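S.K.: Modelling step: build the complete structure from the supplied sequences, incorporating the hints.
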Amino acid sequence: MSLRIGLVSAAHVHTPSYAHQFANHERTTVSGVWDDDAARGKKFAADRGLRFFAKLDDLLAESDAVAISSENNKHATHIQACANAKKPIICEKPVVAKREEFDVVRRAVSDNGVKFMTAFPCRFSPAYQALRARVQSGEVGTIRAINATNRGTCPGRWFTDPSLSGGGAMIDHVVHVADLLRDLLGQEPSSVYAQIGNNMYGQVWDDTAMVSLEYPSGVFATLDSSWSRPPSFKTWGDVTMKIVGDDGVLNLDMFGQGIDLYRNDAKVSHGLAGYGSDLDGAMVEAFIRSVLDDEPIAVTLEDGLVAVSVSLRAYEATKRKETVGVS
1 MSLRIGLVSA AHVHTPSYAH QFANHERTTV SGVWDDDAAR GKKFAADRGL RFFAKLDDLL
61 AESDAVAISS ENNKHATHIQ ACANAKKPII CEKPVVAKRE EFDVVRRAVS DNGVKFMTAF
121 PCRFSPAYQA LRARVQSGEV GTIRAINATN RGTCPGRWFT DPSLSGGGAM IDHVVHVADL
181 LRDLLGQEPS SVYAQIGNNM YGQVWDDTAM VSLEYPSGVF ATLDSSWSRP PSFKTWGDVT
241 MKIVGDDGVL NLDMFGQGID LYRNDAKVSH GLAGYGSDLD GAMVEAFIRS VLDDEPIAVT
301 LEDGLVAVSV SLRAYEATKR KETVGVS
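With the working numbering applied, the sequence shown closes on residue 327, and no number is skipped along the way.
Quick caveat, the hints were computed from the structure, so don't treat them as lab data. Computed from a predicted model, the values in this text were never measured in an experiment. Certain hints may be false.
To be verified - For lysine-lysine, the following BS3-like pairs were computed, each having C-alpha atoms within a straight-line distance of at most 27 Å:
1) Lys319 - Lys98
2) Lys55 - Lys42
3) Lys55 - Lys86
4) Lys42 - Lys86
5) Lys74 - Lys98
6) Lys86 - Lys98
7) Lys234 - Lys267
8) Lys55 - Lys115
9) Lys74 - Lys43
10) Lys98 - Lys321
11) Lys55 - Lys74
12) Lys42 - Lys74
13) Lys115 - Lys74
14) Lys86 - Lys74
15) Lys98 - Lys55
16) Lys86 - Lys115
17) Lys74 - Lys319
18) Lys115 - Lys98
19) Lys43 - Lys55
M.R.: Encoded structure:
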């Protein structure tokens with residue numbers, strides 16, 4: 001069976017990857033794309049030889065599953081529509097951007113009995129999986145502290161419009177590492193403290209975000225999720241973790257497999273040619289297997305919501321200027 005995947009919106013910077021992965025997988029085809037911004041959707045479809053659907057219902061009628069990559073504040077509406085149509089869903093992070101939408105999407109997915117995967121490709125990193133195995137083997141003993149980063153370049157566009165994104169750097173990048181920490185430690189944070197700023201661009205949205213987390217076991221973690229890399233930076237950003245234990249220290253550089261590439265052609269540039277594993281490909285493979293082979297969902301809706309909760313509580317901490325609970 002070839003699984004027909006419908007692309008719900010071309011808004012996100014990751015949408016091209018979904019189109020590529022599903023179009024080139026032997027078990028899937030891309031049925032087309034719908035976008036509430038018709039001009040954007042039509043261009044995206046035309047550039048890739050895909051069919052554009054003017055109505056979401058029409059796309060859903062010709063799809064077996066969907067990939068939602070719309071603006072953050074539209075996720076809940078699109079999740080409801082796709083779940084009501086009984087379509088398995090893979091959805092961009094953050095799953096939602098408002099706490100009042102948590103139960104809305106939970107009910108939509110549960111009541112319709114659809115499979116739902118949160119798009120957290122970092123979970124599928126072989127480097128992270130190796131780190132996790134070494135930590136769980138007891139190699140570094142009891143974990144005391146973790147220092148992590150998920151810094152990047154500013155994505156611009158609607159990501160810097162809080163009415164569409166739900167915030168700035170903190171809503172965009174905290175969720176990835178918050179999920180990894182939960183998976184690594186096997187527990188949710190008990191409290192969070194955070195500071196944000198607009199140090200880089202001086203706009204109304206946060207481009208600088210520092211988060212401190214405390215866990216029930218006594219572990220504390222810090223996370224820099226700032227959009228602190230300039231447009232000229234050699235790559236989009238990073239995901240790093242330093243695990244400090246009683247018996248040793250482990251360091252993770254998730255995207256460290258790359259070669260510096262200097263170009264002296266029409267435009268002099270410095271980039272990074274990565275040769276590491278295809279995390280998006282591994283994530284998409286897991287989603288396909290969950291739908292076609294009934295394998296367990298690797299990263300669930302609840303995983304996504306817990307990670308969002310960390311970001312939202314972090315914003316609350318910045319407003320109250322104090323540590324707040326995460327539950």
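S.K.: With reference to the structure, classify each hint as holding or not holding.
M.R.: Cross-check of the supplied hints:
{"no.": "1", "hint": "Lys319 - Lys98", "in the structure": "holds (16 Å)"}
{"no.": "2", "hint": "Lys55 - Lys42", "in the structure": "holds (12 Å)"}
{"no.": "3", "hint": "Lys55 - Lys86", "in the structure": "holds (17 Å)"}
{"no.": "4", "hint": "Lys42 - Lys86", "in the structure": "holds (26 Å)"}
{"no.": "5", "hint": "Lys74 - Lys98", "in the structure": "holds (11 Å)"}
{"no.": "6", "hint": "Lys86 - Lys98", "in the structure": "holds (24 Å)"}
{"no.": "7", "hint": "Lys234 - Lys267", "in the structure": "holds (14 Å)"}
{"no.": "8", "hint": "Lys55 - Lys115", "in the structure": "holds (23 Å)"}
{"no.": "9", "hint": "Lys74 - Lys43", "in the structure": "holds (20 Å)"}
{"no.": "10", "hint": "Lys98 - Lys321", "in the structure": "holds (20 Å)"}
{"no.": "11", "hint": "Lys55 - Lys74", "in the structure": "holds (16 Å)"}
{"no.": "12", "hint": "Lys42 - Lys74", "in the structure": "holds (19 Å)"}
{"no.": "13", "hint": "Lys115 - Lys74", "in the structure": "holds (19 Å)"}
{"no.": "14", "hint": "Lys86 - Lys74", "in the structure": "holds (19 Å)"}
{"no.": "15", "hint": "Lys98 - Lys55", "in the structure": "holds (26 Å)"}
{"no.": "16", "hint": "Lys86 - Lys115", "in the structure": "holds (9 Å)"}
{"no.": "17", "hint": "Lys74 - Lys319", "in the structure": "holds (24 Å)"}
{"no.": "18", "hint": "Lys115 - Lys98", "in the structure": "holds (22 Å)"}
{"no.": "19", "hint": "Lys43 - Lys55", "in the structure": "holds (16 Å)"}
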